[in-house]
Amino acid sequence: MYKKIKEIIPEERLYWQEPLSAHTTFKVGGPADLLVVPQTIGEIKELLRICNTENIPYVVLGLGSNIIFRDKGFRGVVIKLGHSLKSVYITGEEIMAEAGIRLSELSKKAAAHSLSGLEFAEGIPGSVGGAVVMNAGAYEGEMSQVLTAVSALNTKGELRTFYPEEMAFGYRSSIFQKGDWIVVSALMKLSVGKREQIEARMKKYARLRREKQPLNLPSAGSVFKRPTGIYVGPLIEKMLSLIHI
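Residue numbering for the sequence shown follows this note's numbering, beginning at 3 and increasing consecutively.
Be aware that one or more of the hints could be misleading.
Stated by the list, open to error - What follows is a list of derived Cβ distance ranges for each label pair:
1) Lys240 x Ser89: 44 to 52 angstroms
2) Leu237 x Lys6: 47 to 55 angstroms
3) Val90 x Pro166: 17 to 25 angstroms
4) Glu213 x Arg77: 38 to 46 angstroms
5) Tyr165 x Arg77: 35 to 43 angstroms
6) Leu242 x Glu96: 42 to 50 angstroms
Unchecked claim - Calculated cross-link-like contacts (lysine to any residue; reagent style SDA-like; alpha-carbon spacing at most 25 angstroms):
7) Lys110 x Gly195
8) Lys196 x Ser116
9) Lys5 x Ser86
10) Lys158 x Met136
11) Lys206 x Ala114
12) Lys74 x Ile7
13) Lys88 x Glu201
14) Lys74 x Ala24
15) Lys29 x Tyr17
16) Lys5 x Glu56
17) Lys191 x Ala202
18) Lys29 x Leu210
19) Lys158 x Gly44
20) Lys47 x Ser89
21) Lys88 x Gln179
22) Lys191 x Ile43
23) Lys6 x Leu16
24) Lys180 x Gln147
25) Lys180 x Glu48
26) Lys5 x Glu160
27) Lys110 x Arg174
28) Lys206 x Gly119
29) Lys111 x Gly195
30) Lys5 x Asn156
31) Lys180 x Gly159
32) Lys47 x Ile10
33) Lys158 x Thr55
34) Lys6 x Glu56
35) Lys158 x Leu189
36) Lys29 x Glu107
37) Lys158 x Glu168
38) Lys88 x Lys205
39) Lys196 x Met98
40) Lys8 x Arg77
No lab work stands behind these hints: they were computed from the structure. A quick note: this is a predicted structure, and the numbers were derived from the prediction, not measured. All residues carry an ideal CB built from backbone N, CA and C; glycine is no exception.
Required output: the full structure, derived from the provided sequences and hints.
The following block contains the structure:
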């Protein structure tokens with residue numbers, strides 16, 4: 003069933019019966035039949051074509067945060083983009099990043115070029131692709147504030163560029179959660195700032211994370227998502243009032 007995959011991906015990037023616990027921040031998950039690490043968009047296109055024509059189940063994985071695999075693992079192909087598609091191109095105030103680079107690493111690259119707008123990403127454990135899909139954010143910043151274009155593949159391997167008005171961003175949501183799209187790169191517009199001030203904000207956010215989260219333990223960072231239309235303060239007050247009833 004996997005013969006055609008072996009024809010397009012070198013053996014050193016094919017991992018048979020790979021424990022998914024080694025690829026998730028929660029450190030749980032049984033073996034995948036096959037874990038594949040593509041290095042180009044062309045390889046991803048071919049993988050999608052083969053999986054669809056051969057009816058092979060597949061799932062796309064970034065850096066494995068905010069996901070839990072069963073102890074039984076995954077019967078099919080896991081396409082891992084994290085640590086492979088990670089090229090970054092910086093031109094003026096614009097950054098083009100491939101989906102596999104860690105978001106917090108990208109924020110550091112932006113700071114090194116005195117570009118402000120990604121400070122909120124300091125410490126977020128996911129990839130750029132995953133951050134786009136869920137409109138990741140923290141400390142009053144989120145991906146929708148900086149994105150100007152996103153390139154994504156559909157299940158047929160067709161590449162399309164999305165612009166902000168088409169991405170349907172909401173609180174921790176986007177159009178990419180609702181359709182069969184795989185984010186492969188993102189274009190962001192930042193603003194020029196003073197490097198020392200940018201890095202100071204990032205250090206502050208890193209300190210706040212250390213104070214609030216068990217960073218020394220397997221986790222996915224903060225996974226709290228407030229219900230639509232409800233804010234945390236009133237929700238906590240209501241819960242506390244119920245305790246005393």
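Each hint, compared with the structure:
1. Lys240 x Ser89: 44 to 52 angstroms: holds, 47 angstroms
2. Leu237 x Lys6: 47 to 55 angstroms: Taking Cβ atoms as reference, Leu237 and Lys6 lie about 51 angstroms apart, which means the hint holds.
3. Val90 x Pro166: 17 to 25 angstroms: holds, 21 angstroms
4. Glu213 x Arg77: 38 to 46 angstroms: holds, 41 angstroms
5. Tyr165 x Arg77: 35 to 43 angstroms: holds, 37 angstroms
6. Leu242 x Glu96: 42 to 50 angstroms: holds, 47 angstroms
7. Lys110 x Gly195: Distance of about 14 angstroms is within 25 angstroms: holds.
8. Lys196 x Ser116: holds, 6 angstroms
9. Lys5 x Ser86: holds, 22 angstroms
10. Lys158 x Met136: Holds, because 22 angstroms separates the two Cα atoms, which is no more than 25 angstroms.
11. Lys206 x Ala114: Given that 25 angstroms is the threshold and the Cα spacing comes to 17 angstroms, the pair holds.
12. Lys74 x Ile7: holds, 23 angstroms
13. Lys88 x Glu201: OK: Lys88 and Glu201 at ~22 angstroms, within 25 angstroms.
14. Lys74 x Ala24: Between Lys74 and Ala24 the Cα gap is close to 14 angstroms, so the pair holds against 25 angstroms.
15. Lys29 x Tyr17: holds, 17 angstroms
16. Lys5 x Glu56: Holds, at roughly 10 angstroms.
17. Lys191 x Ala202: holds, 21 angstroms
18. Lys29 x Leu210: Holds, at about 24 angstroms.
19. Lys158 x Gly44: Holds, at about 12 angstroms.
20. Lys47 x Ser89: Distance of about 18 angstroms is within 25 angstroms: holds.
21. Lys88 x Gln179: holds, 22 angstroms
22. Lys191 x Ile43: holds, 23 angstroms
23. Lys6 x Leu16: holds, 12 angstroms
24. Lys180 x Gln147: Holds - the C-alpha atoms of Gln147 and Lys180 are around 20 angstroms apart, at most 25 angstroms.
25. Lys180 x Glu48: holds, 23 angstroms
26. Lys5 x Glu160: holds, 23 angstroms
27. Lys110 x Arg174: holds, 22 angstroms
28. Lys206 x Gly119: holds, 15 angstroms
29. Lys111 x Gly195: Measuring from Cα to Cα gives roughly 14 angstroms; hence the hint holds.
30. Lys5 x Asn156: holds, 23 angstroms
31. Lys180 x Gly159: holds, 17 angstroms
32. Lys47 x Ile10: Distance ~11 angstroms between Lys47 and Ile10 Cα, so the pair holds.
33. Lys158 x Thr55: holds, 10 angstroms
34. Lys6 x Glu56: Given that 25 angstroms is the threshold and the Cα spacing comes to 9 angstroms, the pair holds.
35. Lys158 x Leu189: holds, 23 angstroms
36. Lys29 x Glu107: Cα-Cα ~21 angstroms, so holds.
37. Lys158 x Glu168: Holds - the C-alpha atoms of Glu168 and Lys158 are around 20 angstroms apart, at most 25 angstroms.
38. Lys88 x Lys205: holds, 24 angstroms
39. Lys196 x Met98: Given pair Lys196, Met98 holds - Cα atoms ~21 angstroms apart, limit 25 angstroms.
40. Lys8 x Arg77: The hint holds at about 17 angstroms.
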